[in-house]
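Construct the complete structure from the given sequences, taking the supplied hints into account.
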Amino acid sequence: MKRLWDIRITRWYTKLLYVLGALSINFAIGALLRGLGTPMLVASVLNSLVTIVSFLVGARLFRARGEPVPPRRAWWRMTARPRLSWVLGILFTYVVLSFALSPVLDPEGARPSQGVAVTIIDSIGFATLAYLYLNSAIRLRKLPALIREPKFQTPANLR
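Going by my numbering, the sequence shown opens with residue 740, and the numbers climb by one from there.
One or more of the hints may lead you astray.
Below, computed lysine to any residue pairings styled on SDA-like, alpha-carbon distance capped at 25 angstroms [to be verified]:
| no. | residue 1 | residue 2 |
| --- | --- | --- |
| 1 | LYS754 | ASP845 |
| 2 | LYS881 | ARG820 |
| 3 | LYS754 | LEU840 |
| 4 | LYS881 | ALA803 |
| 5 | LYS754 | LEU844 |
| 6 | LYS881 | ALA782 |
| 7 | LYS881 | SER862 |
| 8 | LYS754 | THR867 |
| 9 | LYS881 | ARG773 |
| 10 | LYS881 | GLY805 |
| 11 | LYS881 | ARG812 |
| 12 | LYS754 | ILE859 |
| 13 | LYS881 | ARG802 |
| 14 | LYS881 | VAL789 |
Just so you know, the hints here were simulated from the structure itself, not pulled from any lab data.
Nothing here was measured: the structure is a model prediction, and the numbers come from that model.
Here is the structure:
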């Protein structure tokens, strides 16, 4: 069975363009939903889903140096190396903790205008990403390390 998109993103600047594009789409969807008067709870659910899907698609498309390009990644693999998975997993865990502690640490207390349900939905979305990246980091530590290809290949006649 042929894949719908047989695309792999291997260069850093195209990865950056993907991330900026995903953020722009997420921002545009949020602005459109607010402009249409969509309830904040519905907009939060849709934004969380778009964020998670964009991270999952990016994890399937991105490839690191030394990582085989054609085969599919394992379902649990979010990055090529454990260090990046740890960093992103810890970053998303920090975001979840900041959502959880914001009513306690905010001088004004919990803000009813934002709504507790929206904060919980956003926390669930980021907790899902934290779990995926930390799970990837733990599993990647058990695998042999990828051999990094040099950035610049020497011509065959100079060897």
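Verification of the supplied hints:
| no. | hint | in the structure |
| --- | --- | --- |
| 1 | LYS754 x ASP845 | 35 angstroms, violated |
| 2 | LYS881 x ARG820 | 11 angstroms, holds |
| 3 | LYS754 x LEU840 | 32 angstroms, violated |
| 4 | LYS881 x ALA803 | 18 angstroms, holds |
| 5 | LYS754 x LEU844 | 36 angstroms, violated |
| 6 | LYS881 x ALA782 | 39 angstroms, violated |
| 7 | LYS881 x SER862 | 29 angstroms, violated |
| 8 | LYS754 x THR867 | 22 angstroms, holds |
| 9 | LYS881 x ARG773 | 45 angstroms, violated |
| 10 | LYS881 x GLY805 | 18 angstroms, holds |
| 11 | LYS881 x ARG812 | 16 angstroms, holds |
| 12 | LYS754 x ILE859 | 30 angstroms, violated |
| 13 | LYS881 x ARG802 | 19 angstroms, holds |
| 14 | LYS881 x VAL789 | 31 angstroms, violated |
In the structure shown, a violation is registered for the earlier hints numbered 1, 3, 5, 6, 7, 9, 12 and 14, in ascending order.
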